[in-house]
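> This is what each chain is made of:
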Amino acid sequence: MSAGISVVGIGAVSAAGWGVQALCEAVRSGAEIERSILTRESFGETVNTPVLRVPEPGANVPKFPRLRRASPISKYAAAAVIEAVPAERLASSLAGEFRIGVITTLMNGCVIYSNRFYREVLNDPGIASPILFPETVFNAPSSHLSALLGSTSPNDTLIGDGAEFFTGLELAAEWIGRGEVDGCIVVGNEEIDWLSSEALRFYSRDYVPSEGAAALYLEAGDHGPQLLQVPDPLTFSGARARVDAARQLRVALDANDDGRTLLVDGRCGVLKHDQPENLAWVDWQGPKFSPRRIIGESLGASAAFQCAVAIDAIRSGQFARAVVTSVGGNEQAAGAVFGARPEPLSAVVKRPNAVHPSPS
Amino acid sequence: MAFRADAPSNSGPIAVAITGAGIITSMGQDISENAAGFRAGRSAFRPIDLFDTSRQRVSTGGQCEVPATSPDPRISKKTWDRMDRGTRMAWMAAREALAMAGLSGGAMPMMVGTSAAAMALGETYFKQAVATPNQRSGQFLRVETYQPQQQMAGMARQLGIEGPLRIISNACASGANAIGHAFHLVRSGKAERVLAGGYDALCQLVFAGFDTLQALSPSGIPRPFDAARDGLALGEGAGFVVVESLAAAKARGARVIAEVLAYGAATDIHHLTQPHPEGDAALKTMTAACEMAGLDSGEIDYINSHGTGTPLNDIAEGQAIQRWAGRDVSKIKVSSTKSAIGHLLGGAGSVESVICLMALEGQWLPANLNVRELDPVCTFDLLRAPRDTKVRTVLTNSFGFGGANATLIFQKEGGR
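In order, the protein sequences belong to chains B and F.
To convert, note that position 218 of the first sequence is 218 in the working numbering; the numbers rise steadily by one, no gaps.
To convert, note that position 349 of the second sequence is 1349 in the working numbering; the numbers rise steadily by one, no gaps.
Hint data in this document are derived by calculation from the structure and do not stem from the laboratory.
Each hint should be verified, as a subset may be incorrect.
[Claimed, not checked] So these bits of chain B aren't anywhere near chain F, every CB distance computed over 10 Å: (1) I37; (2) R66; (3) R119; (4) G317.
[As the list claims (entries may be wrong)] Below, computed lysine-lysine pairings styled on DSS-like, alpha-carbon distance capped at 30 Å: (5) F/K1390 x F/K1250; (6) B/K272 x F/K1127; (7) F/K1412 x F/K1333; (8) F/K1412 x F/K1250; (9) F/K1077 x B/K272; (10) F/K1078 x B/K272; (11) F/K1127 x F/K1190; (12) F/K1331 x F/K1250; (13) F/K1390 x F/K1333.
C-beta: ideal position from N, C-alpha, C; glycine also.
The whole structure should be built from the sequences, with the hints applied where relevant.
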């Protein structure tokens, strides 16, 4: 067997608040979070978009020079990382004695500064701000994270739909397995403004755009909940293929509805988004959470929130395993299995009462 | 690609080959046109007509000739129309790579690097959203096709590729990172073959961004490693390769263009947009790659440098090459092909990898054009004209905004 991969720390900044505790309490309670309205006026027309925003940061943003001018997405990511990475690991990394890789996943990325910068360009490119442009680049947040950690280890930004975070986990396992890094932080992060929020609602007026970041800090070993499996993501195109992909994902995950396994699914309350998972998991009787129903649809960060909720639940001792799934909007169905301790997956999946639908 | 904690560890590294390559740049639409251009020492800049440059300091770049209509009867007009400019170029390069490899699609992961993706569609969306906020016509399609995963998943489908898709966006190193990811997947036995590459198309936001940073050469002529260099030129294009296990390639009788010996990646945390002045991260990736390849610096015949032509980049890379090569530095041949086609951003690393493969195939080296007076950092052999020479092992560097640094090493098969 290859060395196990432990989830040593988690962090989150969400519409529920700054910190994992706020996220998990909100998901457990199931209570609706108060929405705000993004209003913009242009050429005499008004557009209102209900959204779930991250609360004002107060003192929660890490004090770090690069973050002073950074876009909110980088601040969310930095706060999640500082919460997830143990203090002694951070100190060792800053001292150059510990190699922490950085992987970020996102879909929209740095929309706020992109929006502002492009508006300036259209107005007069001669006076557009050179400070804004570098913060528009997809990998600006991950760059800031490496600097925050003092780490020159590999740093990758992955773009994909709302299920991309699992590819980040798989890549982290690759790096750790190859010995390229001693630890790896995987962060899903997004920010919203009118531009991205209105865009999401072209898919359905029922979406509630949201933002934030969640981070999982991984190391080799057995000193924390284990990353047991990340199957190949199932790519698709079209609504019918989303349904098939969700069914195939369930088979690949070998989820066992034994009462001790928690399902953390990607449903967000929008029927056409949720339908593939509704069908694939229709027989699931065990415990389940649907974090996106509470904290909104935050695209590249959503699956990261799900994983943070899953790890927190395992840590609580209530569950032996957690299965996390997401069917993204236009690319892939993906997921992961976490366990309280190392265990061969074959022992998990061979239980006689496991029920799986057939892939179509 | 899947991870299972109970999976057996792989026994050891697997030899990795390149069996197909494709390219489109402002120099030409395929390998033969690009090889002819680089071998002749041509440059390929022209006035940009894709967007308004009238209020920019610079109005030229390496703009490609991209077919307005589908060049393949299997790609419908509707499909071609929905591909953004970058994806069209990516598709052309990927199609050439697969054809050269003797493949017509199949089960394989696809690793893609891009920085701007379909930004031009986002720009159109933005302008309509501002001008007529409640006018929704065409906006949904723009939102959908703006997303690179939608474009790349569609491209995979058109190419007959079935498998996981990974899009890496590490700014100007993205294309090299994509090939590096593919290399590791094959080397570790996680995939038998992978389609990998990078692309980027010119767009207004990015062009204006580099202009505001005063990173573009006012003359429009980039002069990497010139003592009086004053900036880069932007270009566009795509480069794709089929990365495959050497054993699998031989088993199916594929021609091996080169072996991929190594990939090194590191992060420069000096500054968001400026490299460490002594090129620490570049040194780290070149050193790591050579260690993985089991090579000394003296065994590298040629470096395709990142060489943007900006004052800070070239001095940092030059310093890194000096530190890495030590006493061998004067023997190392170096050129920046950005001097001929511009900086292709997310496509640069993969396009420059394909240029390295062309050099290995043709036994020539491309030139570093437009140099009038050498910068003193050039203690290496800067190639100011194309050169026919024996080429066995090549290294290519890619560095990006945010500090993403990557190095790849390619070698003629049986070069050891």
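> Against this structure, judge whether each hint is valid.
The hints, checked one at a time:
no., hint, in the structure
1, I37, "holds (15 Å)"
2, R66, "violated (7 Å)"
3, R119, "violated (8 Å)"
4, G317, "holds (21 Å)"
5, F/K1390 x F/K1250, "holds (25 Å)"
6, B/K272 x F/K1127, "holds (29 Å)"
7, F/K1412 x F/K1333, "holds (17 Å)"
8, F/K1412 x F/K1250, "holds (15 Å)"
9, F/K1077 x B/K272, "holds (29 Å)"
10, F/K1078 x B/K272, "holds (25 Å)"
11, F/K1127 x F/K1190, "violated (44 Å)"
12, F/K1331 x F/K1250, "violated (34 Å)"
13, F/K1390 x F/K1333, "holds (12 Å)"
Checked against the numbered hints listed earlier, the structure breaks hints 2, 3, 11 and 12; every other hint is satisfied.
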